[in-house]
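Chemist: The primary structure of each chain is shown beneath.
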Amino acid sequence: DSGVTQTPKHLITATGQRVTLRCSPRSGDLSVYWYQQSLDQGLQFLIQYYNGEERAKGNILERFSAQQFPDLHSELNLSSLELGDSALYFCASSVGWVGIGQINYGYTFGSGTRLTVV
Amino acid sequence: DAKTTQPPSMDCAEGRAANLPCNHSTISGNEYVYWYRQIHSQGPQYIIHGLKNNETNEMASLIITEDRKSSTLILPHATLRDTAVYYCIVRGLDDKIIFGKGTRLHILP
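Sequences listed follow chains A and C, in order.
The working numbering puts the first sequence at residues 33 to 150.
The working numbering puts the second sequence at residues 10 to 118.
None of these hints come from the bench; they were simulated from the model.
Since we're looking at a predicted model, the values are computed, not measured.
Any given hint could turn out to be false.
[Claimed, not checked] With the C-beta cut set under 7 Å, the calculated list includes, among others, these residues of chain C facing chain A:
#, residue
1, Gly52
2, Pro53
3, Tyr55
4, Ile107
5, Phe108
6, Lys110
7, Arg113
[Claimed, not checked] What follows is a set of in silico ranges between Cβ atoms, one per label pair, in the way DEER data are often shown:
#, chain 1, residue 1, chain 2, residue 2, range
8, C, Arg90, A, Thr39, 24 to 32 Å
9, C, Ala26, A, Pro102, 41 to 49 Å
10, C, Leu117, A, Glu114, 39 to 47 Å
11, A, Gly84, C, Leu117, 41 to 49 Å
12, A, Glu114, C, Ile72, 37 to 45 Å
13, C, Gln54, A, Arg146, 38 to 46 Å
14, C, Thr65, A, Gly35, 33 to 41 Å
15, C, Asn62, A, Ala88, 25 to 33 Å
16, C, Ile48, A, Ser70, 13 to 21 Å
17, C, Asn63, A, Glu114, 43 to 51 Å
Heads up, the beta-carbon is just placed ideally off N, CA and C, and yes, glycines get one too.
Whole structure, please, built from the sequences with the hints as guidance.
Modeler: Here it is, written out as structure tokens:
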């Protein structure tokens, strides 16, 4: 158990639908990062939050959005789902971000949510 | 895009040292080298990181060349459980960890 909790573990939904993936970071971690891993794209960085604020954006589609709540858990919302959105979605957390000198800490990843769009 | 280059796959005999190379020729002075591995479809696992000095922990050793343009991850006594995809990553001040394609390491019995 890495300490990063992702729910649900598996999700099957139809095209056009909307889903929410949830991530609880490791105790004490303020930063949350979301990644998408599909077979042909590898691990793609989507977005980062630090203490409730968006810090960095990667290849996140406009149909996707995320937020981090005051209790530090984060949710990734995926809407108007397409077949190509089927993937593993990982959440990671860390103590902080380099702006406050936390670069020496690595990320801890959760076990992921496997999303299947049919 | 990832700032590192790794061989797509490598084999290593069980019990031998596995040496995984990584090129990061465009690394800048304030960027760290991180190594992660991913076993099957599990979440990536942190292994080790370094700036300029060689580092060792209970999992592995990291050797960084003096010019910092390349590094080698060493698993001293590889076991079948070390079969995984190994990612070498350059982490900079923007705090993003961008994964490349990694090296698929096969441990042979």
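Chemist: Work down the list of hints and note, for each, if the structure agrees.
Modeler: Consistency of the hints with the structure:
no., hint, result
1, Gly52, "holds (3 Å)"
2, Pro53, "holds (5 Å)"
3, Tyr55, "holds (4 Å)"
4, Ile107, "holds (6 Å)"
5, Phe108, "holds (4 Å)"
6, Lys110, "holds (6 Å)"
7, Arg113, "violated (12 Å)"
8, C:Arg90 with A:Thr39: 24 to 32 Å, "holds (27 Å)"
9, C:Ala26 with A:Pro102: 41 to 49 Å, "holds (48 Å)"
10, C:Leu117 with A:Glu114: 39 to 47 Å, "holds (40 Å)"
11, A:Gly84 with C:Leu117: 41 to 49 Å, "holds (48 Å)"
12, A:Glu114 with C:Ile72: 37 to 45 Å, "holds (44 Å)"
13, C:Gln54 with A:Arg146: 38 to 46 Å, "violated (18 Å)"
14, C:Thr65 with A:Gly35: 33 to 41 Å, "violated (24 Å)"
15, C:Asn62 with A:Ala88: 25 to 33 Å, "holds (28 Å)"
16, C:Ile48 with A:Ser70: 13 to 21 Å, "holds (18 Å)"
17, C:Asn63 with A:Glu114: 43 to 51 Å, "holds (46 Å)"
Taken one by one, the earlier hints fail for this structure at numbers 7, 13 and 14, listed in ascending order.
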